[in-house]
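Participant: Every letter in the sequence shown is one number past the one before it in the numbering used here, and letter 311, counting from 1, is 311.
Honestly, I wouldn't trust all of these hints.
[Claimed, not checked] Taking lysine to any residue pairs in the SDA-like style, the calculated list, with each CA pair at most 25 Å apart, reads:
no.: 1; residue 1: Lys-231; residue 2: Ala-191
no.: 2; residue 1: Lys-115; residue 2: Gly-102
no.: 3; residue 1: Lys-123; residue 2: Trp-107
no.: 4; residue 1: Lys-253; residue 2: Asp-212
no.: 5; residue 1: Lys-13; residue 2: Asp-212
Honestly, the hints are just simulated from the structure, not real lab data.
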Amino acid sequence: MNDRQQENATGAKMRIFVAGATGYIGKFVTRELVARGHEVVSFARPRSGVNAATTAEETQRQLAGSEVRFGDVGDLQSILREGIRGERFDAVYSCLTSRTGGIEDAWNIDYRATKNALDAGLKAGITHFVLLSAICVQKPMLEFQHAKLKFEAELMASGVAYSIVRPTAFFKSIAGQVESVKNGKPYVMFADGELTRCKPISEADLARFMADCILDPSMQNRILPIGGPGKAISAREQGAMLFELLGKDPKFKQVPIQIFDVIIPVLSLLSKFIPQLRDKAEFARIGKYYCSESMLVFNHETGRYDEEATPSYGTDTLRDFYARVLKEGLKGQELGAHSMF
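Please model the complete structure; the sequences and the hints are all you need to start from.
Facilitator: This is the structure:
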């Protein structure tokens with residue numbers, strides 16, 4: 001451990017560069033690091049958010065307390081010129097993730113842009129890189145998963161201390177039916193709604209967990225799966241919880257998951273002649289994945305997802321989240337690509 005790492009391990013305040021600071025999790029990570037007294041530089045596009053609707057002025061307001069610098073994370077020279085500016089940093093946090101999971105978007109963001117953040121950080125003298133990844137990469141079938149894994153491997157081989165955080169489902173990612181159920185529609189689920197389970201974690205709890213990484217030696221040079229408090233919950237149980245909170249009798253609509261086995265081959269075949277359909281086919285594969293694979297630690301020896309092996313963290317519960325958004329709406333939880341689920 002060098003002098004800077006030793007100083008950081010004692011709880012000293014650090015200079016931290018955050019890439020992806022305007023993302024769903026990135027905003028909370030930035031705010032948590034600021035609240036802990038670190039000197040934070042947040043890097044963002046001049047227009048960000050869902051459909052690039054957030055202006056530079058709004059971004060500065062959202063990330064108050066950090067020094068907001070604007071540039072293009074897809075361009076290493078832009079990060080160095082507009083972001084790093086020849087300065088020294090202790091750590092980089094990457095909260096970058098592709099918005100859609102489309103093939104080109106995945107490789108551009110989940111791999112290349114994230115690698116740019118690492119390369120820029122190394123030039124700035126960092127001793128630690130904290131990566132927001134995803135628990136689903138443990139059973140890769142999709143392009144964005146392969147892109148994330150390629151970067152994870154390069155990060156682990158880089159020589160810098162790392163913390164690879166793999167959260168389970170976010171609250172936002174399972175909020176897509178809140179408004180429709182509130183408006184009297186049935187809760188839509190695949191098969192009997194018991195195909196998958198997850199331990200959803202709030203953005204605030206995840207931000208606290210990630211902020212701990214730079215001070216806790218036990219969280220360094222490790223892959224860290226993490227879920228929220230309580231037991232794993234199925235899609236049917238999520239729907240039942242919504243109806244209970246609304247005081248309504250449960251009303252479910254079952255959709256056969258085999259529908260994907262028709263859609264995916266057709267789109268895959270057509271995409272060979274119509275390149276614009278490549279992403280449509282990938283989106284269908286993503287849909288099937290999330291409707292058939294649990295967001296829990298996967299035991300490769302047994303071939304099963306393991307609820308007990310999936311760590312729990314935090315205090316925010318899904319029930320409290322649902323109760324709040326049923327009352328206040330989904331402002332601040334803009335679903336974007338998650339609305340399809």
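Participant: Of the hints given before, which are not true for this structure?
Facilitator: 4
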